[in-house]
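Number of protein chains: 2
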Amino acid sequence: MFDNKEKTNIEQLGEFGLIDHLTKNIKITQKSTLKGIGDDAAVLDFEGKKVLVSTDMLLEGIHFDLAYTPLKHLGYKAVQVNLSDIYAMNGTASQVTVSIGLSSRFPLEAIEELYEGIYLACEKYNVDLIGGDTTSSKQGLTISVTAIGYADEKDIVYRNGAHEGDLICVSGDLGGAYTGLQLLEREKLIFLENPNIQPDLEGKDYIVERQLKPEARRDIVELLKSIEVKPTAMIDISDGLASEILHICRQSDKGCNLYEDKIPLDPMTYETAREFNLDPTICALSGGEDYELLFTVKQADYDKIKFKMDITIIGYITEPAAGCNLITKAGNVHPLKAQGWNAFPPAP
Amino acid sequence: MFDNKEKTNIEQLGEFGLIDHLTKNIKITQKSTLKGIGDDAAVLDFEGKKVLVSTDMLLEGIHFDLAYTPLKHLGYKAVQVNLSDIYAMNGTASQVTVSIGLSSRFPLEAIEELYEGIYLACEKYNVDLIGGDTTSSKQGLTISVTAIGYADEKDIVYRNGAHEGDLICVSGDLGGAYTGLQLLEREKLIFLENPNIQPDLEGKDYIVERQLKPEARRDIVELLKSIEVKPTAMIDISDGLASEILHICRQSDKGCNLYEDKIPLDPMTYETAREFNLDPTICALSGGEDYELLFTVKQADYDKIKFKMDITIIGYITEPAAGCNLITKAGNVHPLKAQGWNAFPPAP
Numbered sequence: 001m002f003d004n005k006e007k008t009n010i011e012q013l014g015e016f017g018l019i020d021h022l023t024k025n026i027k028i029t030q031k032s033t034l035k036g037i038g039d040d041a042a043v044l045d046f047e048g049k050k051v052l053v054s055t056d057m058l059l060e061g062i063h064f065d066l067a068y069t070p071l072k073h074l075g076y077k078a079v080q081v082n083l084s085d086i087y088a089m090n091g092t093a094s095q096v097t098v099s100i101g102l103s104s105r106f107p108l109e110a111i112e113e114l115y116e117g118i119y120l121a122c123e124k125y126n127v128d129l130i131g132g133d134t135t136s137s138k139q140g141l142t143i144s145v146t147a148i149g150y151a152d153e154k155d156i157v158y159r160n161g162a163h164e165g166d167l168i169c170v171s172g173d174l175g176g177a178y179t180g181l182q183l184l185e186r187e188k189l190i191f192l193e194n195p196n197i198q199p200d201l202e203g204k205d206y207i208v209e210r211q212l213k214p215e216a217r218r219d220i221v222e223l224l225k226s227i228e229v230k231p232t233a234m235i236d237i238s239d240g241l242a243s244e245i246l247h248i249c250r251q252s253d254k255g256c257n258l259y260e261d262k263i264p265l266d267p268m269t270y271e272t273a274r275e276f277n278l279d280p281t282i283c284a285l286s287g288g289e290d291y292e293l294l295f296t297v298k299q300a301d302y303d304k305i306k307f308k309m310d311i312t313i314i315g316y317i318t319e320p321a322a323g324c325n326l327i328t329k330a331g332n333v334h335p336l337k338a339q340g341w342n343a344f345p346p347a348p
Numbered sequence: 349m350f351d352n353k354e355k356t357n358i359e360q361l362g363e364f365g366l367i368d369h370l371t372k373n374i375k376i377t378q379k380s381t382l383k384g385i386g387d388d389a390a391v392l393d394f395e396g397k398k399v400l401v402s403t404d405m406l407l408e409g410i411h412f413d414l415a416y417t418p419l420k421h422l423g424y425k426a427v428q429v430n431l432s433d434i435y436a437m438n439g440t441a442s443q444v445t446v447s448i449g450l451s452s453r454f455p456l457e458a459i460e461e462l463y464e465g466i467y468l469a470c471e472k473y474n475v476d477l478i479g480g481d482t483t484s485s486k487q488g489l490t491i492s493v494t495a496i497g498y499a500d501e502k503d504i505v506y507r508n509g510a511h512e513g514d515l516i517c518v519s520g521d522l523g524g525a526y527t528g529l530q531l532l533e534r535e536k537l538i539f540l541e542n543p544n545i546q547p548d549l550e551g552k553d554y555i556v557e558r559q560l561k562p563e564a565r566r567d568i569v570e571l572l573k574s575i576e577v578k579p580t581a582m583i584d585i586s587d588g589l590a591s592e593i594l595h596i597c598r599q600s601d602k603g604c605n606l607y608e609d610k611i612p613l614d615p616m617t618y619e620t621a622r623e624f625n626l627d628p629t630i631c632a633l634s635g636g637e638d639y640e641l642l643f644t645v646k647q648a649d650y651d652k653i654k655f656k657m658d659i660t661i662i663g664y665i666t667e668p669a670a671g672c673n674l675i676t677k678a679g680n681v682h683p684l685k686a687q688g689w690n691a692f693p694p695a696p
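If you read the sequences in order, they're chains G and C.
What the first sequence shows, in the numbering used here, is residues 1 to 348, in sequence order.
What the second sequence shows, in the numbering used here, is residues 349 to 696, in sequence order.
Same shape as in the complex, but just chain G:
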């Protein structure tokens, strides 16, 4: 990714020097941030609103591969995956803390690139970086982000509020991040075998971006607010559609019917899945990392959402005894299984 010639060693700066260097240009933009970086703790004021907190850790070799992940994209993604959890509560994200552990193989310029992505995400999504920790690691890069947001109590949407007959909706399209990952992994193998061959990702920008630079769906939360639809349950799709709808059904004590032919797939996702001899539906159900929102709405809200771009109705909630099912294009009924991405894969 980068060579260490003429680069600045972070040891020369020391911990405080590095933190000062990386944070000197931070601007606080959120009214709720009274004090950001620079004391023992940040001080926030939510003026009576409820506070939302979520956290996620990304580890090199597990969640990302620096062979094909630009550091700027990685910083951007680390923030996005956390904001996504705040939006999935129907809240407004307002602050993040970012802790980074990195080995001495990273020069200052690499860390600056990572922070560029972090700052870009913060700026674009109106979020303040209010704290964190930067430390050396024996090996590898670790990023831990905590996102903080707020909402009026009446607006918060939990996973457990789905009722029988509610419509199951999903934003955007699914399976793109997973097929993008397949593509990046293939090109990496080709490159390792023959470093003279340049990666062939032409025309695949969309799914490669879905994997490397996802966008949390703040716009969907705002859209639903503007048309006065409050979902009955909501979750973000980090582990795949199947795993997430099972969370909603289990926590709401309900069943569901999902229709395979309704699951939104981008044509590029479809084609690429086929290229890899993968079933595009399986990519959507189990691929994960799409960071779209999966939510349920009352049937009475059908008219408000039926023609909304970027929202697709893919099924409905049933009584719990009916189970959680996928109705295939051929009309067969298959019980849904969570085959989402597993952070603890069995040893090979």
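It is worth saying that the hints were derived from the structure and are not from the lab.
Here the structure is a predicted model, which is why all the values come from computation and not from measurement.
Please note that a few of the clues may not be correct.
[As the list claims (entries may be wrong)] If you want the footprint, here are the derived chain G segments under chain C, 3+ residues with CB under 8 Å:
| hint | region |
| --- | --- |
| 1 | 27–40 |
| 2 | 145–153 |
[To be verified] Across the chosen pairs, the derived CB separations fall in these ranges:
| hint | chain 1 | residue 1 | chain 2 | residue 2 | range |
| --- | --- | --- | --- | --- | --- |
| 3 | G | P267 | C | N357 | 21 to 27 Å |
| 4 | G | S103 | C | D368 | 31 to 37 Å |
| 5 | C | D553 | G | E209 | 55 to 61 Å |
| 6 | G | R250 | C | I376 | 17 to 23 Å |
| 7 | C | T676 | G | K7 | 30 to 36 Å |
| 8 | C | E512 | G | G61 | 50 to 56 Å |
| 9 | C | D368 | G | P320 | 45 to 51 Å |
[What the hints assert, rightly or not] Some residues of chain G that are not near chain C, with every Cβ distance over 12 Å (derived):
| hint | residue |
| --- | --- |
| 10 | N126 |
| 11 | L192 |
| 12 | G203 |
Even for Gly, the Cβ is constructed at its ideal location relative to N, Cα and C.
Got chain G sorted already, so can you dock chain C onto it with the hints?
Relative to chain G, chain C alone:
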């Protein structure tokens, strides 16, 4: 630390199984926690109080050595070092999130031990565990904790409020964690050379505990409240007295005089430093990890604190032009330098 015979592989449980297993007995005790683990984000209510947020990351091989750190102590310490930052704002800690990255060399029983320490710290300090992330790592153990607390705006103490003439106070005693670490490192080397020799830590419990199982000084915050003393500036001592007083002076734009003979040292710290041919004062100034509170108070508060056990007045704040000085026992004046623990030590 542990052998893997007859131990449970975490792969068998999977991510959700592991999280369920580790969190099934969590009890929410804080009124401010409306919803803890189990949704996309936790939901908190601080009822008009200001919210305090701080975060710290601990990495194996950098911040701890599992050769002599029991996992239960490590879990306990990971929470304490974060609570300490909330107390250093004169606040009440109320929630933590804990993210853990661990390699497959850790069996379930090891993680349970780590969580035992986390839960013990939460219980003892009235803090709810409200979220986190548990994931595999390629190598080593990573722990990232975010602590959340609250305070009335009028009670919050920043680093930048010290005034000329304010008394500089410190809780407890200093240098113990550092001398404890020297002892543990020595015994580790002896053990590596000859595994039949058992570690000789007899009579050294206090300083070994200072290193392995520090206690954040919630009691000092409560004491100061009870005697109606609000510090003018405060910070916790994680990097050593010198580094921390320099933070207060720089952010308050002031100087200081510290008196070497006033710096509180436990006799065991003193003796052990001597055994290692270390200057006990240097251990206190630069050792770090004591997690005591360093704070300044108005001279008018002198009578309220002068006889308080566990608070020592070690100097006073001066005009900035006078600089930051240590007055030695011999009466010499030395400029203070931050030689605190550096998370980025130069390569050997």
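At the C-beta level, are G/S103 and C/D368 separated by a distance inside 31 to 37 Å? holds (33 Å)
Cβ-Cβ distance between C/T676 and G/K7: within 30 to 36 Å? Between C/T676 and G/K7, where Cβ atoms are some 42 Å apart, the hint is violated.
With 55 to 61 Å as the target window, see if C/D553 and G/E209 comply at their CB atoms. Hint holds: Cβ distance 57 Å, inside 55 to 61 Å.
Would you check chain C against the region 27–40 of chain G, counting CB to CB pairs closer than 8 Å, and say if three or more residues qualify? holds (count 5)
Against chain C, does G/L192 keep a CB gap of more than 12 Å to every residue? holds (18 Å)
Between C/E512 and G/G61, is the Cβ distance one that fits in 50 to 56 Å? Because 53 Å falls inside the window, the suggested range holds.
Distance restraint evaluation - G/R250, C/I376, Cβ atoms, bounds 17 to 23 Å: Holds, since G/R250 and C/I376 (Cβ atoms, about 20 Å apart) stay within the stated range.
Do at least three Cβ atoms from the region 145–153 of chain G come closer than 8 Å to Cβ atoms of chain C? With 5 residues close enough to chain C, the hint holds.
Could you say whether the range 21 to 27 Å given as a hint is met by the Cβ separation of G/P267 and C/N357? The hinted range 21 to 27 Å is violated for G/P267 and C/N357, with Cβ atoms some 42 Å apart.
When you take the CB atoms of C/D368 and G/P320, is the distance between them in 45 to 51 Å? Because 19 Å falls outside the window, the suggested range is violated.
G/N126 clear of chain C by more than 12 Å, beta carbon to beta carbon? holds (17 Å)
Verdict on G/G203 as a residue remote from chain C, using beta-carbon distances over 12 Å: Fine: 33 Å to the nearest Cβ keeps G/G203 off the interface.
Hint compliance for this structure: hints 3, 7 and 9 are broken, all remaining hints hold.
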